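J.: For the record, the sequence lines run as chains X and E.
Residues in the first sequence are numbered consecutively from 1, following our numbering.
Residues in the second sequence are numbered consecutively from 399, following our numbering.
One should not assume that every hint holds.
Here are some chain X residues pointing at chain E (derived, C-beta under 7 Å) [to be verified]: (1) A13; (2) Q112; (3) L251.
In short, the hints are calculated from the structure, not lab data.
All values reported here derive from a predicted model rather than from experimental measurement.
C-beta: ideal position from N, C-alpha, C; glycine also.
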Amino acid sequence: MPANRPVYLDNHATTPPDPRVLAAMRPWWEENFANPHSVEHALGREAEAAVEAARAEIAALIGAEAREVVLTSGATEANNLAIKGAARFAAARGSDRRRIVTAATEHKCVIQSVLDLAGEGFEPVVLPVGPDGLLDPDRLRGAVDGRTLLVSVMAVNNEIGVIQDLPALAAIARAAGALFHTDAAQAAGRIPLDVEAIGADLLSLSAHKIYGPKGIGALYLRRRPRVRLAPLFSGGGQERGLRSGTLPAPLAVGFGEAARLAAAEGALDAGRIAGQRDRFLAALRAEVPEVRLNGHAERRVPGNLNLTFPGKVDAQAIMAAAPDVCVSTGSACSSAAVEPSYVLRAIGLTEAEARATLRIGIGRFTSPADVDRAAASLAAAWRRALAEARKAPVAAGA
Amino acid sequence: MAPLYLDANATEPLRPEARVAVLAALDLGGNPSSVHAAGRAARRLLEECRERLAARFGARPQEVVFTAGGTEANALAVRGLGRGRRVLLGATEHAAVRAAAREAETLPVLADGTADLAALAARLAAGPPALVCLMAANNETGVLHPLAEIAALCRRHGALLHVDAVQAAGRVPLGLAASGADTLALSGHKLGGPPGAGALLLRPGLDLPALIPGGGQERGRRGGTEPLPAIAGLAAAAEAAEPAAAGRLARLRDRIEAGLGPGARVAGAGAPRLPNTTCVVLPGVAAETQVIALDLAGIRVSAGAACSSGKVARSHVLEAMGLGPDAACGIRLSLPWNAPEEAPERFLAAWAEMRRRLSRAAA
Chain X
1 MPANRPVYLD NHATTPPDPR VLAAMRPWWE ENFANPHSVE HALGREAEAA
51 VEAARAEIAA LIGAEAREVV LTSGATEANN LAIKGAARFA AARGSDRRRI
101 VTAATEHKCV IQSVLDLAGE GFEPVVLPVG PDGLLDPDRL RGAVDGRTLL
151 VSVMAVNNEI GVIQDLPALA AIARAAGALF HTDAAQAAGR IPLDVEAIGA
201 DLLSLSAHKI YGPKGIGALY LRRRPRVRLA PLFSGGGQER GLRSGTLPAP
251 LAVGFGEAAR LAAAEGALDA GRIAGQRDRF LAALRAEVPE VRLNGHAERR
301 VPGNLNLTFP GKVDAQAIMA AAPDVCVSTG SACSSAAVEP SYVLRAIGLT
351 EAEARATLRI GIGRFTSPAD VDRAAASLAA AWRRALAEAR KAPVAAGA
Chain E
399 MAPLYLDANA TEPLRPEARV AVLAALDLGG NPSSVHAAGR AARRLLEECR
449 ERLAARFGAR PQEVVFTAGG TEANALAVRG LGRGRRVLLG ATEHAAVRAA
499 AREAETLPVL ADGTADLAAL AARLAAGPPA LVCLMAANNE TGVLHPLAEI
549 AALCRRHGAL LHVDAVQAAG RVPLGLAASG ADTLALSGHK LGGPPGAGAL
599 LLRPGLDLPA LIPGGGQERG RRGGTEPLPA IAGLAAAAEA AEPAAAGRLA
649 RLRDRIEAGL GPGARVAGAG APRLPNTTCV VLPGVAAETQ VIALDLAGIR
699 VSAGAACSSG KVARSHVLEA MGLGPDAACG IRLSLPWNAP EEAPERFLAA
749 WAEMRRRLSR AAA
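Start from the sequences and build out the full structure, keeping to the hints where you can.
T.: In structure tokens form, the structure reads like this:
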């Protein structure tokens, strides 16, 4: 990355597309732009074949069959489709299962989808997590009963990077006859994912979180035993009626290439990224010794650091004082919001602690020089913010 | 010889302006919702695209909702506005609109494919406030509905009007404010942008619930990280798609229609139509047979809409126009923005050869 560009350490919000992904996509914009559903002519059939090859790569990343993968516009749509689609299909079939269980630290679109279903006669249950960010299997066992339709727990948290014990959680859901869905947008390419080993019925993916393009994601839908869904919207009947609309062939091809690279290089990436993380944290701790890591210390993805800074400084002030580093205070969708992170509140941080917290996301293209520069810059910014905070008069009445 | 692509209504070739915009946005990176420098740069581009698209189609930037495409934009409008209203649906609407309103009443069209305004007025007068869904231009025949009259009727009866403008945008003059519609659906790849982005334009003051809620993007009307490269391509394509340039396509189309020979006819020939589209009906010859014969000759056309993928049945559009059994015998030719000047002659040569062979086989 050129020296005049900021260091990008926000790989949870989005990842830069891999140059190999860009190269794979370009012919499908420039040479064959055909609609992959135009199977009546040769160009359309070529586009369809490319989309199907991409689907196979995406399926391979999670140990699924190609026909179990439904392409969507992203993980938000995939999560909506999984949760609302499963609920509406079951209700239409006359099922009396009404309870839908999720965790308090899920991505907003999952919590929103679950809560929305209250208006359709379902019973949302949002479970608390432990101070380490993990959902205790016993707590889930206590919440799941014979009337539970679906359990949705994310694989990797988007703010604190902790890895849930999916096989244990899925086993509890399935033992009660409920479906198990996991939002794996932050997990894919970072940890191995296998739908059989997990015991997942539904699993959501996003391309732009694995160095692929924005505008495409996928939902895995188990075939044996078959999971059935009602579509969110209908139309031309693409994706076997589950997701209508012209498939964006270049984006699908880019997603396929990103999935292929994630499968081939994910383990290598993880080792290198863990090295950059350790280097960054050591450099930062040398300057800011009391910085505190949130979330389980071991059960976490290598690229994530969620750090509370000492001295009651405002994380926004640190970011403002370090414009050459791109980090964030929480999930991107709520980055601009005034409210402190609900994920951090759910793991027991006070509002002041949550406001003093930064999320660092190290990725495939982060260099040692990047993390050195970022650590120095953030440490200096913290010192400046601390000096400003001490200089400023205490707010009236506080 | 390179194949001749005459299937623009399935998808337009990418315009060079859109290609430049897509590649520039890919280089930019960043999530438009992030507050750091990379995020702010992405946000600036997103909002600039929103303003340019709004300006191009007579809407306000804050009333532009980016979606994954035309199908989602149509579903968002019809589901959102149709709550608690009767839905009146044109008989020739695209599947995306028809599927979004399952309990709709069908509005007939005249034999030329345009909306039956007398029937519309009677339906509007006969019940509580309605949502009327009529497309600006039909995807199979190119027939344009008289939007100004339809909007006036809707206003008079307190009805809302949703217009699927996926095929009309960029090909004929079109604006949200000028059309009198409450919502207008657009698709990037039908304008010469990349697939993967579309938009719903809302009349000022109108609001609707999200179809796909999530992180609160698009003013809470559509969750999910915005696909910036596809959106940048949509905005650039919308500006590059100049209806004035359509005169050239209309001349090419007229040359095709003039050379079809006896026995063939053009559906909706008497109605105002898109300049690039012609639906040719050859009675007694299944559309599928024609499409395959032409494909072997290097001419890419389609039988009806692309989305129904291969399963060629009778066109609901042609049936609604009263073609009866001939509704299974229409092929759609849609000229892309970059159609070559010799397109009519190349098509007509392949067409004449196909007809010669068919008549020999019949003899």
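J.: Does each hint hold? Answer for all of them.
T.: Hints, one by one, checked against the model:
no.	hint	verdict
1	A13	holds, 4 Å
2	Q112	holds, 5 Å
3	L251	holds, 5 Å
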